[in-house]
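Heads up: the protein sequence lines correspond to chains A and B, in order. Residue numbering for the first sequence follows the numbering used here, beginning at 1129 and increasing consecutively. Residue numbering for the second sequence follows the numbering used here, beginning at 6 and increasing consecutively.
Treat the hints with care, as some may be off.
[Stated by the list, open to error] According to the in silico footprint, chain A covers these stretches of chain B (three or more CB under 8 angstroms from chain A): (1) 12–20; (2) 52–61; (3) 91–102; (4) 121–133.
[Unchecked claim] Below, a list of computed lysine to any residue pairs in the SDA-like style, where the Cα atoms sit at most 20 angstroms apart: (5) B/LYS39 to A/MET1159; (6) A/LYS1160 to B/GLU46; (7) B/LYS54 to A/LYS1160; (8) B/LYS52 to A/MET1198; (9) A/LYS1216 to B/GLY64; (10) B/LYS53 to A/ARG1228; (11) A/LYS1160 to B/GLU135.
Read the hints as simulated data drawn from the structure, not as lab findings. A virtual CB, placed ideally from N, CA and C, is assigned to each residue, including glycine.
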Amino acid sequence: MRRGLDTFLTESLIMTAVLAIAAALSLSVFMKAGQMRRRAEDLSACSSLVYSAVQCYDACGDIKQVSRLMGGDGGENIELAPYTLLLKQDGEGMTAEAYRGDEMVFSAAAKGVIG
Amino acid sequence: MKRNILPPGIISLAVVFVCLCLTVLSLLCYTSAKSELSLAEASAANKKKVLEGSFMCRGLADTAMALYNEGYSPEQAAESAGGSWNGEEMVFEWGIDENRVMVLTLDPQSGKSAEYLRYVGTWTPDTGLEVWDGQ
């Protein structure tokens, strides 16, 4: 009787350990997949934002107008939660950078109107 | 009194089944997320290349316009800037990848320009699938 109980307890312990290890591994894989999915979503959204800003700049050549068209107040920083679009005017044109928090996700440069 | 006892081994089978389900689901989730990320990266890289191509063409066109405004002929201005003259417009090209070229055409008199992507790769039709073509 005692021997049977011991065997049962040992088997239960092994089963619990196997289940716990499998659950922990699966959880880490799920978390990694979640991070990748979020990164993909950020990249997709930020590249579209930057692309749109650059296309706007190509069309009008004025950074303030781009800011207003993209939903800002005419300034360089445009808050599009959870992203921030930063427009920088330089000698040759404009550089648009999209951030999530402090991390830059995507950036591209645009040249203004030819002439 | 009759006791309800589970058949021997059913718990082990259930644990094995649960582990298998967890493994398969997590792997499916991982592969789907990975493909989603590679698609987003490829799309972002493509957007960047197109914008860079456009940027480079505009740079060439800008140089050509500056030369044209200095008194160069349209042909000379376009060729000096790395483009060509087709008789009506200056044409500037910039390779984006092995299959695509960004083209910018510019009319120096009106200053009107147009940009488009030209595909230069060779298209090989897939003849492996038998499709009824009406004959």
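Do the hints match the structure? See the list:
no.	hint	verdict
1	12–20	holds (count 3)
2	52–61	holds (count 6)
3	91–102	violated (count 0)
4	121–133	violated (count 0)
5	B/LYS39 to A/MET1159	12 angstroms, holds
6	A/LYS1160 to B/GLU46	17 angstroms, holds
7	B/LYS54 to A/LYS1160	29 angstroms, violated
8	B/LYS52 to A/MET1198	18 angstroms, holds
9	A/LYS1216 to B/GLY64	18 angstroms, holds
10	B/LYS53 to A/ARG1228	18 angstroms, holds
11	A/LYS1160 to B/GLU135	43 angstroms, violated
The structure does not agree with the numbered hints 3, 4, 7 and 11 stated previously, though it agrees with the rest.
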